[in-house]
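On the provided structure of chain A, position chain B as indicated by the hints.
There are 2 protein chains.
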Amino acid sequence: MTYAAIARVRVVFGTVGYTLGVTTHRKGSPMSERKINGKKSAQAEAKGHETSLPIPGRPGEATPAAIDNPKADIAALNNLERHLFAHNYASACIGSFSTTIDPVKSLGDSAEVLSILDQENHELLCSTSTGDMLQRLSKHHELLTPVQQHQVRILQRDRNKLIGIPASDQAAFTRLTAESYDVWRRAKAADDWASFEPYLDRIVISTRTLAEFKRPGADAYDVWLDEFEHGASTAFYDEFFAQVKDVVVPLLADVIACGRQQSRQPISGKYDAQRQWALARDLMELEGLDKEAMLLLETEHPFTDSPSTNYGIIASHVYEDDVLSNVFSMLHEGGHALYETNVDPMYNQTSLKGGTSSGMHEAQSRFFENYVGRNESFAPHLLEVLRKHFPGPTGRLTARQLFLVINRVEPSLIRTEADELTYPLHILIRYEIERLLMSGEATASDIPRLWADRYKSYLGIRVPNNAQGALQDVHWAQGLFGYFPTYAFGSAIGAQLCAAMVRQGIDFDGLLADGNLTPIKEWLRINIWQHGRTKDSEQIIQDACGEPFSATYFTDYLVDKYSAIYGL
Amino acid sequence: MTYAAIARVRVVFGTVGYTLGVTTHRKGSPMSERKINGKKSAQAEAKGHETSLPIPGRPGEATPAAIDNPKADIAALNNLERHLFAHNYASACIGSFSTTIDPVKSLGDSAEVLSILDQENHELLCSTSTGDMLQRLSKHHELLTPVQQHQVRILQRDRNKLIGIPASDQAAFTRLTAESYDVWRRAKAADDWASFEPYLDRIVISTRTLAEFKRPGADAYDVWLDEFEHGASTAFYDEFFAQVKDVVVPLLADVIACGRQQSRQPISGKYDAQRQWALARDLMELEGLDKEAMLLLETEHPFTDSPSTNYGIIASHVYEDDVLSNVFSMLHEGGHALYETNVDPMYNQTSLKGGTSSGMHEAQSRFFENYVGRNESFAPHLLEVLRKHFPGPTGRLTARQLFLVINRVEPSLIRTEADELTYPLHILIRYEIERLLMSGEATASDIPRLWADRYKSYLGIRVPNNAQGALQDVHWAQGLFGYFPTYAFGSAIGAQLCAAMVRQGIDFDGLLADGNLTPIKEWLRINIWQHGRTKDSEQIIQDACGEPFSATYFTDYLVDKYSAIYGL
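Chain order of the listed sequences is A and B.
Taken in order, the first sequence gives residues 1 to 568; the numbers are from the working numbering.
Taken in order, the second sequence gives residues 1 to 568; the numbers are from the working numbering.
Pulled out of the complex, with its shape left as it was, chain A reads as follows:
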């Protein structure tokens, strides 16, 4: 389950005083975190610098600002988008199938192909001619349709994230993280922190160097936080995590102290795998996913990907002893797929397709997983679909019992298995350690101690080894500093969206009680989904909720919900 949360969670954005942004490390393909999945990391996208292939799309070294031939520039823009789309579509398919249906011997070839396609997009986007064309068009909005204006803006932003790093440094980093990934894999299996330590220190140094290339003089961690969430910074995350910590740590302590724990017993039993796949399909229907645009596959670590607005891929997993894992994976991934397949069709085949940010994406998935799926009003409908497929084990289960089981809080060692309340604390711990590493206040050798201290202090549990401790996640081995924090904030957006809907007259609980998701989905479609990447998260929140993002909705939600459940 190591990568499950990588595959599931997207980026986050800011609160007051913080410029909200969009993750742009994807260059148009909505779920690049999938590429991490045992194959390659986000930075692999930049390795095109290594090639000697001249860059296509270069119509001569034109003078940037003067626009002599707008028709040619617009044709070049369309042409660029065609090729980016084709490569992104192919990568989404090849990447998704490599962890689902491809035979094992093909995986080396598919990794190579993904790397070449990434390189091609990098070259297309970073070529001088593309830069000049985008710059000329950006200064002549009067020549562009509104859609083209968005394309130029988003493509320029994507390009700026990639352009500064020298080929040799990027190549060295790619080699280092590829090697580190293997070392990490073995270290995790052998619970051998010492073997991984020197690699982690080298990665930290390299990420600092790359950050300096990207934004000379800036704080390195700020640069990487921004990499994964446009506009994010330590200033923002410090404030955000402080607010979460202040609420969640004492709330969790109260939950544990109260001694009232819901047993898993009412849902226990053996749930046939074949029937669980039929259940999974019914859950897709319950969420209202378009059957003619969806493919459901089996995989080890669930994910969603979307080659085009007409094509959503959900890959999931069933465990015969844990039917709830299936239920909430499907509701979660279905949220991602609803977003991707409900982007305005006119943005398909352009850089504007797909979700606007990881944070906004995760808001959708968590919305259906938690705000809908773990809502007491909706429990009778979940129970109904469970009973349809498993009348035996769920025959005597009540909706109230189901609600309590699916909202059971329990501190645990493994982030990806954490419940709704403890999850942000797992992220908080990683954020604090990353911050110390990037500032030079700690090195890799300090991590086991930092990890153990914080798990004890925030979650009240003892870490027995590094395999279940700091070696559990792949991110650092792949050089992904600044990525973890985006997870913690995903859910927070959903709480605010929920509150906004209610304020605007949507009878949220009543609709869930009726099993009628249509008005809720229509609100999300109009306010969020249809816009694709044309609106940043900040603007979406402002327009949809009438105010900037605030984490208070999230902390209030957690306090209210878990105080009620545990009778605090």
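For the record, the hints were derived by calculation from the structure and aren't laboratory data.
Wrong hints could be hidden among the right ones.
These stretches of chain A come out as covered by chain B in the derived footprint (C-beta under 8 Å, 3 or more residues) [stated by the list, open to error]:
| id | stretch |
| --- | --- |
| 1 | 77-88 |
| 2 | 116-122 |
| 3 | 219-228 |
| 4 | 284-292 |
Each residue gets a CB set at the ideal place from its N, CA and C atoms; glycine is no exception.
The following block gives chain B in isolation, referenced to the frame of chain A:
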């Protein structure tokens, strides 16, 4: 079943006095006939001419013959191969999945992506810089490894097939055939020949024009025969078909006249679809396909594709009332997959991967379908695997009965449903009509009459309508003149290979009786499979059999086999 044979059959090659060749319309992706499958035709590969995107890989307009910087040229060669491989790998995956697992709404997007990837490969291969680089390297073999020498030769040949046609003519042809495909589809459904007629006449005229661009002054049909089988011509096919006609037409007449017909009754029954998929997997194992390199999918029209030497995709179909369709589809497709996945791994990720020609490919598939699968010695092993999954319907079936049922001869209207003996006559008819159309001796309005006359004369049956007549195949609507003849010869190679094995001491029937395919496959691997595209069919046959190709092995085989079965 219209496209089944397109997906299954490859190219053919010549006899004495005819330069054997390799099909090069694929540019490295082994089974481009799949692209015909409802999406696009072979000529779509050339439509890149339309684009305004400058051609990548152009390191300046170097002087062709002088080689100043061999290192740079070899780097450019490797770089070209990387990009061609990535695009071909992606196309093989996207193409295969579009007719198997992709959701219906995604098909427009996947068609667009396939077209863009084709265009990219066309531009890469046809750029001036690629031409110059290949020419320089071809004149300096002393600088190249043997593998690189093959790469340069094959890439030059692939390039030469594409380079001569002006963009505007190619684009017009692509538009015409796209339109014609839709007209044909409706015409076939409505049995409306008249609506298709004007399109077919226009296509014939266009193919003549394109042929003139490809090889000025040459006979147009010769050009197109060569397009689908390097080195083929009307001179060769006239001789080949004359030999086949002289033997098969009277042989078939004797079979029909003898009045001894094997009933299908012994194998009739209902064969559960789910169990048939288990049977299909067992047949893959019986053929010795590598499970770790194979993917089995469900589709309407069976096909095999192969993104890399490590990845074979078989797509098949099961009918609950026809278990034999499953058995022989799997044996046939398995032969293709054995070829593709047994190419020397050192040719993977280059233009040398994949089968050397359509004829040689079909020789492999027909080998396992007919020479192995329909051999009386092998019948007990087929029966065993059938009985394992279907003990009821096959419980009382004998191996002799099974052998007779699977070799039942019956003249029929539909090419793709034809038995081993009548199949070449279906192709002969198409060849004769194509020849008349291309020479101007007939136009589209003559076809229904030409068709009916020949089906009566060669097969002894009456054609009741055009839907079951000249509208049954998609090829002409897609502008694929010269493609059909390659089908008729596919099987002929297999007969000669079989005879060579026996001459070289392989106890063919004895091994089949033992169910031991290993020595037979090893002979094929060493003599054919491992060479990929490095050896042309002519050389393969000469080296493997010690003589040039001869159709006599095929006609003798048919006479011996069917005389024995029908007691003639």
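Results for each hint:
1. 77-88: holds (count 5)
2. 116-122: holds (count 3)
3. 219-228: violated (count 0)
4. 284-292: holds (count 3)
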